[in-house]
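All chains should be modelled from the sequences, with the hints used to inform the complete structure.
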Amino acid sequence: MWKDFKKFISRGNVVDMAVGVIIGGAFGSIVSSLVNDIIMPVIGVITSGMDLKAMKFVLRAAEMDGATVVKPEVAITYGMFIQNIVNFFIIAASIFVMIKCIEKLQKKQEPAPEPPKGPTTEELLTEIRDLMKK
Numbered sequence: 002m003w004k005d006f007k008k009f010i011s012r013g014n015v016v017d018m019a020v021g022v023i024i025g026g027a028f029g030s031i032v033s034s035l036v037n038d039i040i041m042p043v044i045g046v047i048t049s050g051m052d053l054k055a056m057k058f059v060l061r062a063a064e065m066d067g068a069t070v071v072k073p074e075v076a077i078t079y080g081m082f083i084q085n086i087v088n089f090f091i092i093a094a095s096i097f098v099m100i101k102c103i104e105k106l107q108k109k110q111e112p113a114p115e116p117p118k119g120p121t122t123e124e125l126l127t128e129i130r131d132l133m134k135k
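In our numbering, the protein residues as written are 2 to 135.
In short, the hints are calculated from the structure, not lab data. Any given hint might turn out to be false.
[To be verified] Computed cross-link-like contacts, DSSO-like style, restricted to lysine-lysine with a CA-CA straight-line distance of at most 30 Å:
#, residue 1, residue 2
1, K105, K118
2, K72, K57
3, K118, K101
4, K109, K135
[Unchecked claim] Simulated restraints, written as ranges between beta carbons of each label pair:
#, residue 1, residue 2, range
5, G119, F9, 12 to 22 Å
6, I103, S11, 17 to 27 Å
7, I96, W3, 33 to 43 Å
8, S11, V59, 51 to 61 Å
9, D17, P114, 27 to 37 Å
10, K7, G119, 47 to 57 Å
11, G21, K108, 17 to 27 Å
Note that beta-carbon positions come from the ideal geometry of N, C-alpha and C, so glycine has one too.
Here it is as C-alpha cells:
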C-alpha cells in the first residue's frame, strides 16, 4: 500500500495539482486584498460613502440586556454576497487572461508544420519543356 501511495504522489499530475492549490490560495488572498482595499473603497466613494460589507437586511434585531447581547442579530448580509461576486469575477477574468497567455506561448513553441513536399522549380520546368517537345 505504501508503494502504491508513493507512486501516486510522485506522479506529475498530483504534484502539479498541489502546486496549483498553493498558488491558488495565494492568488485568492491577493484578489481579496484587491477587492477589499482598492475596488470597494472606490465603490464606497461612488455610492456616497456606503460600505458594501455593511449592507444587510435585518430579519431580527439583537436583543440586549444593558451592554450584553441576549440574542444576536439575525440578518441577510447581501453586501458581503455582492463583494464575493466581485471577487469571483476578478478571479475568473484573471484566470481567463492567464489561460489565453499560456495558449499563446504554447502556439509559439509548437514548430510550424512543414509544407508538403512537391516538385522543385527545376522539376516543373523540365516537365513543361518535355510537354512542349511532344
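Comparing the hints with the structure gives:
Proximity of K105 to K118 is assessed by CA-CA distance (about 28 Å); at most 30 Å being required, the pair is judged to hold. Taking the CA atoms of K72 and K57, the gap is about 18 Å. The hint holds against a cut of 30 Å. At roughly 33 Å between alpha-carbon atoms, K118 and K101 are farther apart than 30 Å, so this suggested pair is violated. Restraint check for K109 and K135: not satisfied, since their Cα atoms lie roughly 49 Å apart, outside the 30 Å limit.
The hinted range of 12 to 22 Å is not satisfied by G119 and F9, whose Cβ atoms lie roughly 50 Å apart. Under the hint 17 to 27 Å, the C-beta atoms of I103 and S11, about 25 Å apart, fit the expected range. Roughly 36 Å separates the CB atoms of I96 and W3, a value that falls within the hinted 33 to 43 Å. Taken as a hint, the range 51 to 61 Å holds for the pair S11 and V59, whose Cβ atoms sit roughly 54 Å apart.
Restraint check, D17 to P114: a C-beta distance of roughly 28 Å satisfies the suggested window 27 to 37 Å. Restraint check, K7 to G119: a C-beta distance of roughly 53 Å satisfies the suggested window 47 to 57 Å. The hint said 17 to 27 Å for the Cβ distance between G21 and K108, and at roughly 22 Å that hint holds.
The structure does not agree with the numbered hints 3, 4 and 5 stated previously, though it agrees with the rest.
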